[in-house]
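> Build out the structure end to end from the sequences listed, making use of the hints.
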Amino acid sequence: MNEVSEKSNLDVKNLHVGFQTKKSVIKILNGIDFSVKKGETLCIVGESGCGKSLTSLSIMGLLPKTGNITAGEILFDGKDLAKLNQKQLSSIRGNEISMIFQEPMTSLNPVHRIGKQITESIRLHQKVRKKEAEERAIEMLRLVGIPSPEKRIHQYPHELSGGMRQRVMIAMALSCKPKLLIADEPTTALDVTIQAQILELINKLKQEMEMSIVMITHDLGVVSEIADSVLVMYAGEVVEYSDVKSLFRNPQHPYTKGLIESIPKMDVEMAELPVIKGSVPDPMEMPTGCRFSTRCPYAQAACFYEVPPMEESEDSHQVRCWMYSERWETIEREGILDDCSRETAASRELIGG
Amino acid sequence: MVSFILKRMGLMFIILFLVSVIIFSLVNVLPGDPALLILGQEASPEAVETLRQEMGLNDPLYVQYFRWVTDVLHGDLGNSYVDNTAVTEILMQKIPVTLELTVISFLIAFFISIPAGIISASRKGTLLDYTSTLFALSGVSIPPFFLGILLIFIFAIGLGWFAPSGYVPFAQDPVQSLLLMILPAVTVGIRLSAELTRMLRSSLLEVLQSDYIRTGYAKGLRERGVIFGHALRNALIPVITVSGLQVGTFLGGAVITETIFAVPGLGQLVVNSILTRDFPVVQGAVMFMAFAVVFINFVVDLLYSFLDPRIKLAGGTK
Amino acid sequence: MELIKVGGIQKEKAISPRKTMFKTMMKRFFQNKLAVVAGIFIVILIFMALFAPVIAPHDPSEQDYSKILKAPSAEHWFGTDEIGRDIFSRVIFGARVSLQAGLISVGIALSIGIPVGLISGFYRGAVDEIIMRITDALLSFPSLVLALALAAVLGAGLENAMMAIGIVLTPNFIRLIRAEVLAHREREYVEAAKASGLRDWRVILIHIFPNTLAPIMVQATLAIASAIISEASLSYLGLGTQPPTPSWGAMLSAGQGYLSDAPWIAICPGIFIFLTVISINLFGDGVRDMLDPKLK
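Residue numbers (the numbering used here), protein chains in the order written: chain L, 1 to 353; chain X, 1001 to 1318; chain C, 2001 to 2296.
Only true hints are included.
PhoX-like mimics (lysine-lysine), calculated; alpha carbons at most 25 Å apart, straight line:
1) Lys-1124/X with Lys-2027/C
2) Lys-22/L with Lys-1124/X
3) Lys-130/L with Lys-151/L
4) Lys-2033/C with Lys-22/L
5) Lys-2027/C with Lys-23/L
6) Lys-65/L with Lys-1124/X
7) Lys-23/L with Lys-1124/X
8) Lys-130/L with Lys-87/L
9) Lys-151/L with Lys-131/L
10) Lys-22/L with Lys-2023/C
11) Lys-23/L with Lys-2033/C
12) Lys-13/L with Lys-87/L
13) Lys-87/L with Lys-1124/X
14) Lys-177/L with Lys-116/L
15) Lys-2023/C with Lys-23/L
16) Lys-116/L with Lys-130/L
17) Lys-2033/C with Lys-1124/X
18) Lys-27/L with Lys-1124/X
19) Lys-37/L with Lys-245/L
20) Lys-130/L with Lys-177/L
21) Lys-87/L with Lys-127/L
22) Lys-38/L with Lys-206/L
23) Lys-2027/C with Lys-22/L
24) Lys-83/L with Lys-38/L
25) Lys-87/L with Lys-116/L
It is worth saying that the hints were derived from the structure and are not from the lab.
Put into structure tokens, the structure is as follows:
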């Protein structure tokens, strides 16, 4: 999974993103690694604030003005997107890489007709006449399952339901046949029944158009339905990276386990849904060691001051947790790693870390 | 859509009625006896009394009001006490002058405020933004008469580029007319553009945070395309509404400006007729101004629903 | 699946007493350096107005025909006017008129606007409808024209000018307060107060009015600036402060005739009006950011 194969479409390597404040740079993303093969769907999961959306915005080159890629590469078709300027990026955006967002209600411009908004995308990247672009727009709307598209192109966004608007967004995103679609929680704001339809649509179009998908979600139900592989993020880091079957069969990171346990199950009656206690640490006060240590039920002293490495625990399954390290035995026995860090551990406990 | 217009028009008539009541009562409590004004200070008390009777000034106020409104509705605004000219005729002379000032001022205002607002919002926090914000703040803080006097001092007296005051009708000599109009128009235009720049900046800043702006970038649009294609129109919607409300302020500025530069328009007419207690002229001119404000606000409301398709819901699609 | 987030900030807020709120507000205000500078200028101006007789080097109405239209010098900082009066002294005394006009006009507007706005927003219905249409009508007049007409009715003079400007400013306050009341009257605490059987005026005064104070303060500050401009405009047109009382507007009007020979007569008071108004506007912006950064 790690090797850069010819087939891989997107390769994110050691991505670091920081935000410039008046005083300092706040590090938000800390060494993100993953790759998406052609035609594959990768899901990025995690709580809000863990850096999922920022990862996707970095790929698009749409970080807020104060945000910067401070290190790492984003290889797409052999180009490093992290090194391109806005002009070069804008010729890729909406063309080779497209994105759809969480808020279908507000993501379309309220004062322009649907047709205009779709043809704008098409004519931006392809030299076609207005008439042709319009035909393409109608064709796209039909493809995403919008009835009587010839009429719809003359309507304004407020005349459409949320589900319909998200379909329009998808039509717009796919109008230039992108190689990669980034979907940032595309179904969160929609009704449950509509959610399923939209997911099904995305899946169907993926196969028809042979594109790769990076889907951001906090809903593991969505993951099990459409993902090929899964990236679990926590506090700006990857904590587990695996193919989807392996992840659900054998979740390893305590955080992933917590996420899976907190899915409501239809068949089991539970008095209370287990939740992961505590909250994502503030980026200004990141734990020195494992970032999940403050909430981890298995945490040992060492976890608080030694950053666990990302390790392959089984085939195509990586996890960032000391429990899967060869050194876990030592840690469990001693509580710490070696003599030299014993002092740091002691002092840390004194401070109350 | 039709019911919206009708409702809005009904409201407009109620407001105009109240406006007429206010004007009428204001003018009628103005100190000074019109009969005495017409006949002159030396007139005998009997002659004054006869004229008062003739003019209906001894009738109860509500009778006088209804007589006035009936006349107004018939297009008769009365005659000036000073030279007995019909007020409508005086207004017809003055309106084109103020209209010329209005048009040039608004052109100047748009010419400055739209680029300034866009630059300020899209380059927020830069030196350009600070400069334009400071300009806008100064523009709303400088009293129009001081600005006018400064302009006269610099451009008429100092540099000698323009005459310090005067007016030539546009039809008579367009070039001369425009030259004389420049300083007054800049005086009013700077204040207008300052207001508009501030509004456009804050409105644009808000719009630029919208999700559909992000969509624009995600499509592959560059900043210019996003601003002109998606942000500007949405940002202008509230600006236009508020600038409709600014018409009153604008006319107030015109009153002062016309006085400074001796431009014989509506504003100067109002000031002079108030100072000479020429009631019919005051009534007519102020009524016209208020009518203009109410009417422009009505038009702006219609324009608003035209610019923002979401408003049209009541009228169905398209 | 969204985990309950116990934001550290919310927790702090709940514990924080009024003191810290005041502190953060002060901190926010002092971050806005322009507003602080503006505030300092306003304090100096108030000081000038209060102690004008002590500060002014000359009697503002003392005429000296041996020193007519003298350019600014060590003796006469801002020069002298057409009858030899000291412009600097007149500008200092003029500050009295302007500040007085600003404060009293806005005071008048508030004392009418607050009760009327509260009643209009609280009772709604026919009362509200009538009040709103009247404000609509009043707002249809160009404000300066209305002030001019009112000043003409009441007669020239500073007191009447302040009254006229106050009346002209009132509809804006009525509308602002009414809108605030409407926004608050449906809130739970007002409902609860009404349900508990409190009398109307107690509900209005105790539960609604305090919540409208922040926007009123901001609007009132900015209204002072426009009232100062209006007073100066009326004086410029001859319907405001009457001679010999020195007022900035009247000084400008008198100085306009001497622009080519003695520009200082008009320009010195002009600069002071401008600085005063811009300072009040900046200060008002600072107050707004201090009270509610979201209002920006």
